[in-house]
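Here is how the chains run, residue by residue.
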Amino acid sequence: MTAEELNELIEQEVEANKLFVHSINVCVAAGCLSSHADQTLDALKKEVKAKGLDKEIKVKGVGCMGLCAAGPLVEIRDASNAAQVMYQGVQGEHAEQVVASAGKQSVQSLVCDTSIPFFAKQVKIVLENCGLIDPERIEEYIVAEGYRALQKCLQELAPTKVVEEVTKSGLRGRGGAGFPTGLKWATVAKAQNKQKYVICNADEGDPGAFMDRSVLESDPHRVLEGMAIAAYATGANRGYIYCRAEYPLAVKRLKNAIKQAERVGILGQGIMGTTFNFTVEVRLGAGAFVCGEETALIHSIEGKRGTPRPRPPFPAQSGLWGCPTLINNVETFANIPPILRKGGAWFASIGTEKSKGTKVFALAGRVSNTGLVEVPMGMKLREIVFSLGGGIPDGKKFKAVQTGGPSGGCIPEQFLDMEVDYDSIAKVGSIMGSGGMIIMDETSCMVDVAKFFMEFCKSESCGKCVPCRVGTSQMYDILCKVTDGTATPEEIAMLEELCDLLKSTSLCGLGMTAPNPVLTTMKYFRNEYDAHIQGKKCPAGVCKIKAAQEVLV
Amino acid sequence: MSSISAMPAPPSSDKRWKLVDAAIKRHGRAGHSLIECLHTMQECFGYLDEQGLKYVATALNLPLSKVYGVATFYHIFSLKPQGEHTCVVCMGTACYIKGAPQILAALEEKYGVKPGETTKDNKLSVLTARCIGSCGLAPAVVFDGDVGGKMVSSDALKRVEKWMNI
Ligand SMILES: Cc1cc2nc3c(=O)[nH]c(=O)nc-3n(C[C@H](O)[C@H](O)[C@H](O)COP(=O)(O)O)c2cc1C
Ligand code: FES
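So the sequence lines, in the order shown, correspond to chains A and B.
If you're matching positions, the first sequence starts at 198 in my numbering and goes up one per residue.
If you're matching positions, the second sequence starts at -8 in my numbering and goes up one per residue.
Warning: the hint list may mix true and false statements.
Here are the simulated lysine to any residue pairs, SDA-like style, with alpha carbons at most 20 Å apart [said to hold, decoys possible]:
id	chain 1	residue 1	chain 2	residue 2
1	A	LYS456	B	ARG17
2	A	LYS655	B	THR119
3	A	LYS720	A	GLU639
4	B	LYS111	B	GLY90
Since the hints were made in silico from the structure, they are not lab data.
The structure displayed is predicted, hence computed values, not measured ones.
So here's chain B without its partners, still in its complex pose:
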């Protein structure tokens, strides 16, 4: 076993690394805290970049291949930046039955983005989810973290429209 080396220096002087550092240290730099640390990093930066993955790998004393393997296994982690705003359409069973596919189609028609894509001006990312637990209010769409229930395409387009015109 290699002994724990000194904490590496963060990739940049960006203040957000302090939060990532805190998460790493809170778990005593244990390898099993990898997923927790990746969550924190994504919360801080919106996605996981290569520099960041290398940094977490060194800090937790894990091979980069393992960190990369975990980061790509789980759907929540994103290796590329998202647009300024995100619109997550739930495609779980309840929402699917109640018309979520039509909402996605409307978004695609209007903004030319399929699930997982971002508009050219980098303003809007459209994503899908596998049920967010608001099935009683299906179909559900999450606008920048704010859940909207019983959505119809026109409501969803209206909410997105507000972002696009600023």
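So that you can see chain A by itself, here it is in the shape it has in the complex:
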């Protein structure tokens, strides 16, 4: 597709939309779909037809609007795309009322107040199209300034300039470790090999995290555009998206998006009339957490067991089939198009000194507003949990936020006023991770939580290196003893020693970070460990402590 053809397509789409006075947007991402948003969508379409309004009102499926717990969410927008009202919990039976309210008095009983901090305090870059465009139509993405950044790169910027812009933005990898993206791109770009690859890590293995899922389901073209720009900048011509098989809808939308992009010549050979070629293929994971680790992921794409290997060499030097490979997370790629459209300096003006831009967080657990939020880096943890998240429901008391999944830690109340960015979270012993935030209240036992994550690491350990394979097992056994009240002080000392051992001697990040949940809970909730060991009591009432007689026999 040439630039003229792209403009033509935009004109056609705008022309076709001109006739509509209103649009009714129904969230069809996974969260709302499990509350039967598909039936809501059908009912609304039928209602509009039945009332003969199908020339005036456009009913369409869109991506995630964030507040998954209140789904299915429906939004009415006018011709200028300004929001009239958002409705929550809309079922098929509400279709008549909802359609009748377009441009008129809203249905009060269904209104979802979008002036609450959950919506009002968000700054959307990655999620800018979510809830606005139909993820299954490339035309809508293109009208929303999609593929304009790729066009600009191909026509105006040399690959080195593209890398420079990304470096200038200060973007850091959103997959967990926060590695500077520009530096990674520069390394791959410098490699002399003819064959290079770009891989998008869509494995999202952290339990409790669903940011990547939402982006893939709501705006798949954004990820493709980010990958294409990366390929142009680094000199790659093939790409893979490694997506976990637990996300069938994301896989379907990605495959659909790739087909559409190929059809209009945005992927494939001679993209936009230039000599740039780039093809993308989706590869399915098969339920192994360790495959999120980049070298294990590469083995998995090669059709092998997903075991990691020592680095260096890093994938940027020797990755897929031994070729230089750029591997970035979904959200990292999703940040790329706006950075190139608006410039690296614009991106760098948002966030904190060392963590630029925004971060998408998945709020889950014991918090009132569960769902997705995108906020500038540096927002206070308290603000995220209590203002956007709406605090703890049922009058319970806040206990901790767990970030970073099995590799992260539990952050207690005393750090609620911390500004959230890569470095400050690391300082308190956790990691930013991919952005999952599980909020816990007094009903959670922190030793039990540590045991939960250790069980996870134990069974997800690939078994290649001894510290991780045997160490996680031993740590799990000790934690079991703590939770049933039979652990001895010597065993606690052993637990601490094992933490140190795993951290310093494991082969990959899984083993190296597996002690984090134990270390942070031991540090901040030592009283709970003591209560189990000395007091033979679980303060939260979660663990079943063995009675004294049971221990003796």
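For this one, chain A is given, so just place chain B with the ligands on it according to the hints.
For chain B with the ligands alone, kept in the frame of chain A given last:
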């Protein structure tokens, strides 16, 4: 390197092998497509049996040991058949915090099956998952592919009950 031999004959005349064949050929019988092919086979048959693994090994020109190694490494692949219906309880962090263990306990109490097991009448398999990405609706349970959110034990038992009485 051994040259690519002719496609082997499928293990049986079952029509579903045609779909597996198509997956094998779509990737040009390349060894790196092993995981994709196993996915297709499991989708078609519900699990991976020994005959099938041998067939895929021959078709992709891979040693059976390697195919077996891959099939057992990944959690999604199952080497034994599942019951008629599957109930997957998410045991990811969000669901765990919000009461997934109680749902599992209720299922075990009522039907006598632990995660990974199937009832004697072969009607129900109970499985667990590591987060299915519906954390906003925790706890989540998947009934034959249909995700149910904000589950409590009684809802889950009711949904399963419907299968058991047919
Ligand atoms: C055990 C383990 C699991 C990981 N899981 C993921 C994951 O699910 N998604 C992801 O993007 N990165 C994951 N990573 C990080 C990747 O190895 C890699 O650093 C990342 O994909 C790089 O992309 P980025 O620079 O854009 O963050 C994991 C790392 C480890 C050690
Ligand atoms: S933890 Fe259950 S869906 Fe994420």
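- Item | Broken hints, by number | Number 4 - this is the single hint that the structure violates.
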